Amino acid sequence: MKINNITSNIPSFRTVKFNKNFSIILGNAKSRGEGKSHNLGKTTLIELIDHILFGSRDSVRIKAIKESFENPVFTIELQIDGESRLIVADYSKKKKAAFPSETKQAYEYFIRFQDDYKDEFRKISIRGKDLSWKPLLLRLMGFNELPLVEKYEIEATIKDYDKFIEIAASSGMKREGRSEDIARLETRRSELLRAIDDLNFGNIEDSTSSYLASEIDTQILSFKKELFIQRKELSAVTDAIENSVFVDFSTEQVEKIYSDMNIYFGDQVKKDLSHVQEFFIQVTDNRTTALNAMKKRIIDRIYILEEIVSKLSEKRTHYLQLIVTCDSINIYRQLSVQFAETETELSLLKQDVYKESIQTATNERNLLKTQQLTLAAKVATEIDEHDLLFRKIKQHYHEIMAEVMDIDSEIVIEKNSTGNLDFRTVSWRGQVHSQELKGEMAKKISCAAFDVALRIVNNDDSGFIIHDGVIDNADKNIKKKFIEAMKRRSVEFDFQYIMTAISDDLPDSVELDDIVITLSDKTESNLLLGKSF
Numbered sequence: 007m008k009i010n011n012i013t014s015n016i017p018s019f020r021t022v023k024f025n026k027n028f029s030i031i032l033g034n035a036k037s038r039g040e041g042k043s044h045n046l047g048k049t050t051l052i053e054l055i056d057h058i059l060f061g062s063r064d065s066v067r068i069k070a071i072k073e074s075f076e077n078p079v080f081t082i083e084l085q086i087d088g089e090s091r092l093i094v095a096d097y098s099k100k101k102k103a104a105f106p107s108e109t110k111q112a113y114e115y116f117i118r119f120q121d122d123y124k125d126e127f128r129k130i131s132i133r134g135k136d137l138s139w140k141p142l143l144l145r146l147m148g149f150n151e152l153p154l155v156e157k158y159e160i161e162a163t164i165k166d167y168d169k170f171i172e173i174a175a176s177s178g179m180k181r182e183g184r185s186e187d188i189a190r191l192e193t194r195r196s197e198l199l200r201a202i203d204d205l206n207f208g209n210i211e212d213s214t215s216s217y218l219a220s221e222i223d224t225q226i227l228s229f230k231k232e233l234f235i236q237r238k239e240l241s242a243v244t245d246a247i248e249n250s251v252f253v254d255f256s257t258e259q260v261e262k263i264y265s266d267m268n269i270y271f272g273d274q275v276k277k278d279l280s281h282v283q284e285f286f287i288q289v290t291d292n293r294t295t296a297l298n299a300m301k302k303r304i305i306d307r308i309y310i311l312e313e314i315v316s317k318l319s320e321k322r323t324h325y326l327q328l329i330v331t332c333d334s335i336n337i338y339r340q341l342s343v344q345f346a347e348t349e350t351e352l353s354l355l356k357q358d359v360y361k362e363s364i365q366t367a368t369n370e371r372n373l374l375k376t377q378q379l380t381l382a383a384k385v386a387t388e389i390d391e392h393d394l395l396f397r398k399i400k401q402h403y404h405e406i407m408a409e410v411m412d413i414d415s416e417i418v419i420e421k422n423s424t425g426n427l428d429f430r431t432v433s434w435r436g437q438v439h440s441q442e443l444k445g446e447m448a449k450k451i452s453c454a455a456f457d458v459a460l461r462i463v464n465n466d467d468s469g470f471i472i473h474d475g476v477i478d479n480a481d482k483n484i485k486k487k488f489i490e491a492m493k494r495r496s497v498e499f500d501f502q503y504i505m506t507a508i509s510d511d512l513p514d515s516v517e518l519d520d521i522v523i524t525l526s527d528k529t530e531s532n533l534l535l536g537k538s539f
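Numbering (the working numbering), first residue to last: 7 to 539.
No lab work stands behind these hints, which were simulated from the structure alone. These numbers come from a predicted model, not from an experiment. One or more hints might be untrue.
Said to hold, decoys possible - Straight-line alpha carbon distances no greater than 25 Å define the calculated BS3-like cross-link-like pairs of lysine-lysine that follow: (1) Lys375 x Lys301; (2) Lys135 x Lys384; (3) Lys129 x Lys375; (4) Lys302 x Lys400; (5) Lys36 x Lys528; (6) Lys169 x Lys69; (7) Lys101 x Lys69; (8) Lys528 x Lys124; (9) Lys384 x Lys421; (10) Lys36 x Lys482; (11) Lys135 x Lys124; (12) Lys69 x Lys135; (13) Lys384 x Lys444; (14) Lys69 x Lys537; (15) Lys23 x Lys129; (16) Lys317 x Lys398; (17) Lys129 x Lys421; (18) Lys99 x Lys69; (19) Lys400 x Lys444; (20) Lys486 x Lys165; (21) Lys486 x Lys449; (22) Lys444 x Lys110; (23) Lys165 x Lys482; (24) Lys8 x Lys398; (25) Lys449 x Lys72; (26) Lys102 x Lys23; (27) Lys444 x Lys129; (28) Lys301 x Lys238; (29) Lys72 x Lys102; (30) Lys23 x Lys444; (31) Lys101 x Lys124; (32) Lys444 x Lys482; (33) Lys231 x Lys317; (34) Lys135 x Lys317; (35) Lys165 x Lys135; (36) Lys302 x Lys165; (37) Lys110 x Lys100; (38) Lys400 x Lys486.
Could you put the whole structure together from the sequences, leaning on the hints where they help?
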């Protein structure tokens, strides 16, 4: 996918026709010097492309265009598989991205703006957790990212279980130390046992009476006790599901508060709040999934316990029918119910009612931790044994850095025993690790080299890369080497490389045809949209 041109219904907009392989968007400001070539339209052009094709959020510049021009329409002509395709963005209507999210993800590392050169792997626009970008990066490097995705999902569920256990432990019914209540119930229990012993069971065989007293009642008591605990646990889990941890707010509500207080509500604040909102939604979803699974297990267990108690009660009734004295039957029934209730309450006074739920959650968490370690091993194996494309990426990156910056460097993936991954670039001088990649210009070239290396091995669509301001403020020699390296590779590997640059000290090796547009503030007609706004 290459960009042929971009046009607009705005009469003063300057149509831009891109070259097949290498294009420079040049800025030429009246005021010379560092930082003096902004507001010409270079970055605005890149933001328009990103916004129209991939539906990125409205930036300050995009909003300004919508406010400054009546019903603006932009059209991008693409070359896809040898055929032309027009992408039309009518800003008077609600806009949808031209491509699905999968395509947007694939191009995440193929468009960099001026503030995206701090880190090769985590662009400033990536603000989510590791799950939001590391699996994507792993896939672009040629690995199967699914074990890593599953590991992150399991880790999120483990955290939910940890939180549930913490809540259950702190909110449980702590009944320890109630010695008076325990003594009272133990006395009541003894009284009920004596009353049952005093009943006339003379007409029942001793063996039957013994079985009735020692087997059936003991079993019913045990299962009713567990049933009581399970119902309490079900109530606690249900309450936890209903009481969402997500804080109900929206960026619109916060923006209104800022407006009421006459405080500026910037785009970056809105972006940050949107990411916070997405984070809370994800936490809530993970927590609800874990609690719903726990609730289902509890409900299934309650159903089984109710069936067991019902069958045992029928068996007890059968034996009670053998007793001749009806009064004995009724009294026994009353006393046995009271005894079961007393025994259950006494048991609960001596233990935490949430003990079973905590144990269940702990067992589930431990099982998930085992799966986590298994997936961590799979991630490590994937990186160690399926690194063919990754080795090619490393090689291309190394060659570009050596050619442009004369730095011996490489990309490394560090992994630990829990499967966590860190992506880094390292450099040497001789056989000793150096700090050369910490320099601002070295880091910018390193970011660009990484993107180009990714593009070379992920170029099934003969796609494009756009770098905004990548060689601004570089010395003339670096500019010359960088432009030559990008131009040669774009032709050799058939991708489209588009870069913005300022006219100061542009190397002589740049050909006139390489520059697809020159933007200047000498007159408003030389700006991208033909006016300042």
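Going down the list of hints, with the structure as the test:
1. Restraint check: the Cα-Cα separation between Lys375 and Lys301 comes to about 21 Å, which is no more than 25 Å; the hinted pair holds.
2. A C-alpha spacing of about 21 Å is found between Lys135 and Lys384, which places the hinted pair at or below 25 Å, so the restraint holds.
3. Distance check on the hinted pair: Lys129 and Lys375 sit about 31 Å apart at the alpha-carbon level, beyond 25 Å; violated.
4. Our distance criterion of 25 Å between C-alpha atoms is broken by Lys302 and Lys400, whose separation comes to about 49 Å.
5. A distance of roughly 6 Å separates the Cα atoms of Lys36 and Lys528; the hinted pair therefore holds under the 25 Å criterion.
6. Using a Cα cut-off of 25 Å, the hinted pair Lys169 and Lys69 is violated, with the two alpha carbons roughly 42 Å apart.
7. In summary, the hint linking Lys101 to Lys69 is supported, as the alpha carbons are separated by about 13 Å, within the 25 Å threshold.
8. For the given pair, Lys528 sits about 32 Å from Lys124 by alpha-carbon distance, which is inconsistent with the 25 Å threshold.
9. Taken as a hint, the Lys384 and Lys421 pair is honoured in the structure, with Cα atoms around 12 Å apart against an allowance of 25 Å.
10. At roughly 20 Å between alpha-carbon atoms, Lys36 and Lys482 fall within 25 Å of each other, so this suggested pair holds.
11. Restraint check: the Cα-Cα separation between Lys135 and Lys124 comes to about 18 Å, which is no more than 25 Å; the hinted pair holds.
12. Taking the CA atoms of Lys69 and Lys135, the gap is near 28 Å; set against the 25 Å cutoff, the hint is violated.
13. Between Lys384 and Lys444 the CA atoms are separated by roughly 33 Å; this puts the pair beyond 25 Å, and the hint is violated.
14. Restraint check: the Cα-Cα separation between Lys69 and Lys537 comes to about 15 Å, which is no more than 25 Å; the hinted pair holds.
15. A threshold of 25 Å between alpha carbons decides the hint, and for Lys23 with Lys129 the separation of about 28 Å lies outside it, so the pair is violated.
16. Taken as a hint, the Lys317 and Lys398 pair is broken in the structure, with Cα atoms around 69 Å apart against an allowance of 25 Å.
17. Annotation: proposed proximity of Lys129 to Lys421 holds, straight-line Cα distance about 21 Å (limit 25 Å).
18. Pair hint Lys99 plus Lys69 holds up; C-alpha atoms about 14 Å apart against a cutoff of 25 Å.
19. For the hint pairing Lys400 with Lys444, the CA-to-CA distance comes to about 19 Å; that is within 25 Å, so the pair holds.
20. The straight-line distance between the Cα atoms of Lys486 and Lys165 is roughly 51 Å, outside the 25 Å bound, and the hint therefore fails.
21. With a C-alpha separation of about 17 Å, the suggested pair Lys486 and Lys449 falls inside the 25 Å cut-off, and the hint holds.
22. In summary, the hint linking Lys444 to Lys110 is not supported, as the alpha carbons are separated by about 29 Å, beyond the 25 Å threshold.
23. Taking the CA atoms of Lys165 and Lys482, the gap is near 52 Å; set against the 25 Å cutoff, the hint is violated.
24. The hinted pair formed by Lys8 and Lys398 meets the criterion: a straight-line CA distance of about 23 Å does not exceed 25 Å.
25. Between Lys449 and Lys72, the direct Cα distance comes to roughly 35 Å. Violation of the 25 Å bound is thereby established for this hinted pair.
26. Straight-line distance between C-alpha atoms of Lys102 and Lys23 comes to about 24 Å, which keeps the hinted pair within the 25 Å bound.
27. Restraint check for Lys444 and Lys129: satisfied, since their Cα atoms lie roughly 16 Å apart, inside the 25 Å limit.
28. At most 25 Å may separate the alpha-carbon atoms for a hinted pair to count; Lys301 and Lys238 meet this at roughly 12 Å.
29. For the proposed pair Lys72 and Lys102, the alpha carbon gap of about 15 Å is at most 25 Å, so the pair holds.
30. With a C-alpha separation of about 36 Å, the suggested pair Lys23 and Lys444 falls outside the 25 Å cut-off, and the hint is violated.
31. Using a Cα cut-off of 25 Å, the hinted pair Lys101 and Lys124 is violated, with the two alpha carbons roughly 31 Å apart.
32. Between the alpha carbons of Lys444 and Lys482 the distance comes to roughly 20 Å, so the proposed pair stays at or under 25 Å and holds.
33. Among the hinted pairs, Lys231 with Lys317 is consistent with the structure: their alpha-carbon atoms are about 16 Å apart, no more than 25 Å.
34. Pair hint Lys135 plus Lys317 does not hold up; C-alpha atoms about 52 Å apart against a cutoff of 25 Å.
35. For the suggested pair Lys165 and Lys135, the alpha carbons sit about 14 Å apart, so the restraint of at most 25 Å is met.
36. For the proposed pair Lys302 and Lys165, the alpha carbon gap of about 20 Å is at most 25 Å, so the pair holds.
37. Among the hinted pairs, Lys110 with Lys100 is consistent with the structure: their alpha-carbon atoms are about 19 Å apart, no more than 25 Å.
38. Restraint check: the Cα-Cα separation between Lys400 and Lys486 comes to about 23 Å, which is no more than 25 Å; the hinted pair holds.
Comparing the model with each numbered hint stated earlier shows that hints 3, 4, 6, 8, 12, 13, 15, 16, 20, 22, 23, 25, 30, 31, 34 do not hold.
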